[in-house]
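Undergrad: Spelled out from the first residue to the last, the chains are:
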Amino acid sequence: MTSLPDEMNTQEHSRRLPTWVVGLAFAALVGFLVLVGLGLRRAQSGPITVGQNVPPFSLTTFGGETFNTADLSGKVIVVNFWASWCKPCEQEAFELEAAYQSYKDGGEVIFLGVDYVDTEPEALDFIKKFGLTYANGPDMRTKISQMFRIQGVPETYIIDREGKLAYVKKGPFLSTGEIQSVINQVLD
Amino acid sequence: MSLTLKKNITRPFIALFAGLLLAGILFTAAEAQNPTPTDNEVNAVAKQLYCPVCENISLDVCPTTACAQWRTLIREQLAEGKTAEEIKEYFVANYGDRVLSTPPTRGFNWLVYILPPLIFLGGVFLVYRVFRSMKTRKPEKPVVPPAEPVDLSQTDPYLAQIEAELEQHRKHGQ
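So the sequence lines, in the order shown, correspond to chains A and B.
Residue numbers 1 to 188, in the numbering used here, belong to the letters of the first sequence in order.
Residue numbers 1 to 174, in the numbering used here, belong to the letters of the second sequence in order.
Mimicking BS3-like on lysine-lysine, the simulated pairs with C-alpha atoms at most 25 Å apart in a straight line are:
id, chain 1, residue 1, chain 2, residue 2
1, A, K104, A, K164
2, A, K104, A, K129
3, A, K143, B, K47
4, B, K88, A, K143
5, B, K82, B, K47
6, A, K169, A, K143
FRET-style restraints, in silico, Cβ to Cβ:
id, chain 1, residue 1, chain 2, residue 2, range
7, A, E65, B, N56, 34 to 40 Å
8, B, T83, A, L17, 44 to 50 Å
9, A, G107, B, T102, 45 to 51 Å
10, B, D156, A, V21, 55 to 61 Å
11, B, P116, A, L17, 19 to 25 Å
12, B, E41, A, A43, 34 to 40 Å
13, B, R106, A, A27, 20 to 26 Å
14, A, E65, B, E86, 23 to 29 Å
To list a few chain A residues with every Cβ distance to chain B over 12 Å, as calculated:
id, residue
15, Q91
16, Q101
17, K129
18, D160
19, E162
20, G177
21, E178
22, D188
Derived by calculation from the structure, the hints in this document are not laboratory data.
Even glycine gets a Cβ: it sits at the ideal position worked out from N, Cα and C.
Chain B extracted, bound-state conformation (with noise of 0.2 Å):
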């Protein structure tokens, strides 16, 4: 066999096995950009959604096709490299807050998560007033000033009375 037909064979040999590689390469890189999310993931952004439909139920345990349909939406919209606030925002906008496990800090709802901590300073505020109360407090016992021995015979006629009879009677015994 001549040397000139043995690169005419090996060649397209050498061509195809370049190709090959270069596309072996491509698919990996791409795989890698777009790889498909694992169940966990798509769990753990369905968590913290709540099925519209049938309530207190998050998205994902939710049995429903509705629910396996949004758990399918989750897989792509991760698959496109989005965000798990991106996918809920995207959820909020299609279906509104109720889909959210935790309501937006947002309006009137910033009082679910200011109230709770101000009763709680309040009450400790309160209580540590009341124990500084209880704890500084005299007691209130009204003062009165040291008797003084008051001759009661002096002021009550029939006690002046009891008193002469028994001086009498103290005289005559003796």
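So that you can see chain A by itself, here it is in the shape it has in the complex (with noise of 0.2 Å):
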């Protein structure tokens, strides 16, 4: 015969939820909360800064030529973001192309114009008003984009040919000048 607080004992443990359902809810939240500071942690990751690698990425061209900057190490990238319905990046448009042809012989400094957030007939426009004759390709899945974390457009960014990010420009160049100025650094 079991005593009355044994009895009691074995209602308030028949009460209790089955350990697995217990383990199951633990593991659900303890996942769901490495989920979420994973998720802050990559959120709160700021851009790439000057001097930091710039991981490697691909852009394929309207014309259906793709440019991967693994296979350009050596050599020192302009990357300019720019889109169609952008009134400041019709400011520098012209410059940047000045600025390529003066590079373009030499074959140490490639440019990479990623159309950001754009439609692609405007787009294929805005490269036959402004003449634009380097590599202009659309920002797939704004994949370019967030890896630089943009915040607007237009930016450029100069890789130099370690790699390393060299230079941020945030809003249009001004003159051919002021881009040329920056590359040589660069190339310097």
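Hey, can you piece these two chains together into the complex? The hints should help.
TA: Below, the structure is given as structure tokens:
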């Protein structure tokens, strides 16, 4: 015969959730917290700063040619974010093309125009209007702009020969000379 | 006017009329196949998409040039006969998942759809258990065996003395 407190303990025990349910709930909670933590860490990791290595990325131009920065080591890469709906981008378009023309034959500087959240017909009109001849392509799924964490357009990032970020320009360049001066510093 | 002359004049008119009629039929058929989508049709798709430039504004009400371009793109794609789903897929492929008003059901996004109902069901289950235990729980008063009359004067010497004195007093009083 069981005593009264023993019966009460047995009843209390039967009311409790099964151990596996409690374990599963805790595991789900921990998993959820880990996910939230990873998300927060990712969200709070700032943009690539000057001196940091730039992860390799690829850009497929409107013409279908693909440029992979991993294959361009030893060269200075000028990454310009633009959009056809962006008025300040128009200010620097001619200057960028002029700068590209001055480095084109040397082969040491690669210009990549990354078209940010744009529609292709308007982007092609923009390229035609300003006579851009350097590589330009859409930022598919906004992967490149997210990697650089751009805040708007235009923005220009210059990557040195070692693949490190050497210079950041937010807003339009005001002259070809300004662009050349920055690129020359990175080349030296 | 001779019969031959009449025929010569009438035939070109008939041919012209037949040509115009045929052109009209073909134009109407072409129009029926690719009707120009209305603003409502465009906005019905645009409402399901968000402007990736100006955050938290749906494409149907976004006033920027970029959004106007995207609405034009939607109109063009609708005219080409694409469905809303196909257009959304195109936008996701070009601009990423963040253009969608609701997260796509893949990868970790499933948690958004699974966790709330699971948490709700878990809460319902807990409430049910708590109510059930409150209903079935017996009063938890300790069961005390019935008290038997105890003559405390037999155990306590002071009480025994008081009892004895009271007894004496009672006898003297009588």
